[in-house]
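**Student:** Sequence:
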Amino acid sequence: MKNRIRPAAVGVLTASFLVVASTLPSAATSNERDDAGGELTLTTRLGEVAPVWDLEEIEYINSVQTKLRDVDGFGTIRVDEADRSVTVTFKGEAPAELTGLVDAAPTDLRVDVEAARYSARELQDALEAVIAAPSAQESLTGVYTTDEAVVVEVDPGSAASKSARTFESRLESEIAAVGASVPVEIVPSPQKVPASRFGHGGPWVGGALYQTNDSGGACSTGFAGTSTVNSSLQGIITAHHCTVDQPASYTYKHFTRDLGKRIYHHTPGPPQHQGFNTIADASFIETPDGSVGAVYIGGVSDPDGLAIMGTYASPPQGQSICYSGAFSAGVTCGHNVVHTNYFWRPYSGANFLYGPQFRTRHITGNATIGQGDSGGPAFVAVNYDGHIVGVAAGIISGIDQGDDATNLACVGLLPPGRLCSDVAMAQSFYTAYSAMPIQVKTWTGGSVR
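According to mature numbering (1 follows the signal peptide of the UniProt record, and there is no 0), the residues represented by the sequence shown are -21 to -1, 1 to 428, in order.
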């Protein structure tokens, strides 16, 4: 199955680019990051959040920031959701435009003006000076501004942390040399280790990247799973076409971290459908580090995830599906099922078809599914006891590349030559379960709240 991406009607989604590794975020390519345990953070309260602000109020707050951002003396804007108020700070005499903006506030929104010790420009100049300061290069792990200081986060075990006052003085001297006079505050904070699709630690979840070979090919993890004949086997369900080219002894990796070895994939029966074998595009990789019933829903460096609380055997026509492949770098919903018994040939000359699958089209024609997303999760977002959770619906399998698809600019990461589409196919679990002794794991990490 070499050179499987062709300008034909459909194509599998393995990102087979020799340069793909070099295009990935460098922050997630070291053992230090992988071993540090950047775990997914479960997002469980989306269903409980009630809007605090009206659209008119948000538009007003945004307009205040936009109009005052470059005005000399402007400090900061703060909002207080408890009493529905906005506070604008200003250094020096308030200009007429500020007075006008205060008077134009929506009826139920209170706007207060307070004196600022430093302007936004002074704070920004000081922050940029800290970032450029020679002393900061030693142990800085983060930096931000408050109304009255530049806060520098440093490694707790560093000399800077142990002699914070000395380090503060050095930094203040260095930023004063470029004309900034804002105080510096040192706080200990460990090196940042983002939990992400491209820097995952802990038990495995859906939507993370893994390499399919030693030459830059990449796919996505789908859902946590277990074997139905050996409950001690934990792993990840992904796509058949992502693992079929490697022997069972091959260890798949997430950058430098081992993912595991393939335990199951579909071995087809007698030829059918006009001489073709039909294969479920699903396989199961055993993960010695375990797996949990959740999927990533955020961007490349975003740890947000969603609990999986059930499995949809085969979503019907008209069902709206969400996908969350690693390369699309964020959950994308609004993919309506247009066909439910779909088979497709993965490359010219193939003697088998993938299917039956369901086929979706994005409601606005966005090319949100592409190469590298293969094996990733397809799910339905549902309300559960006042919360939003996911129901596993299938495994991302292929995209249309012909006249019936919208091959526009890809959404997400853009390694050279990546193809994307608004029409995608996914392997349903009804067929995957029939092909292999596996089942999707649901969330067992505690109550969803």
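Check before you lean on any hint, since a few could be wrong.
Pair by pair, the computed Cβ-Cβ distance ranges are [as the list claims (entries may be wrong)]:
| # | residue 1 | residue 2 | range |
| --- | --- | --- | --- |
| 1 | Ser142 | Arg236 | 33 to 39 Å |
| 2 | Arg100 | Val361 | 43 to 49 Å |
| 3 | Gln298 | Ala227 | 46 to 52 Å |
| 4 | Ser194 | Asn256 | 44 to 50 Å |
Worth flagging that the hints you see were computed from the coordinates, not collected in a lab.
For glycine and all other residues, C-beta sits at the position ideal for the given N, C-alpha and C.
**Student:** Taking the hints in turn, state whether each one holds.
**Tutor:** Evaluated hints:
A hinted range of 33 to 39 Å holds for the C-beta pair Ser142 and Arg236, which are about 35 Å apart. Checked against the hint of 43 to 49 Å, the C-beta distance between Arg100 and Val361 comes to roughly 48 Å, which is consistent with it. A hinted range of 46 to 52 Å for the beta carbons of Gln298 and Ala227 is inconsistent with their spacing of about 35 Å. Between Ser194 and Asn256 the C-beta distance comes to about 27 Å, which lies outside the given range of 44 to 50 Å.
In this structure, the hints that do not hold are numbers 3 and 4, in rising order.
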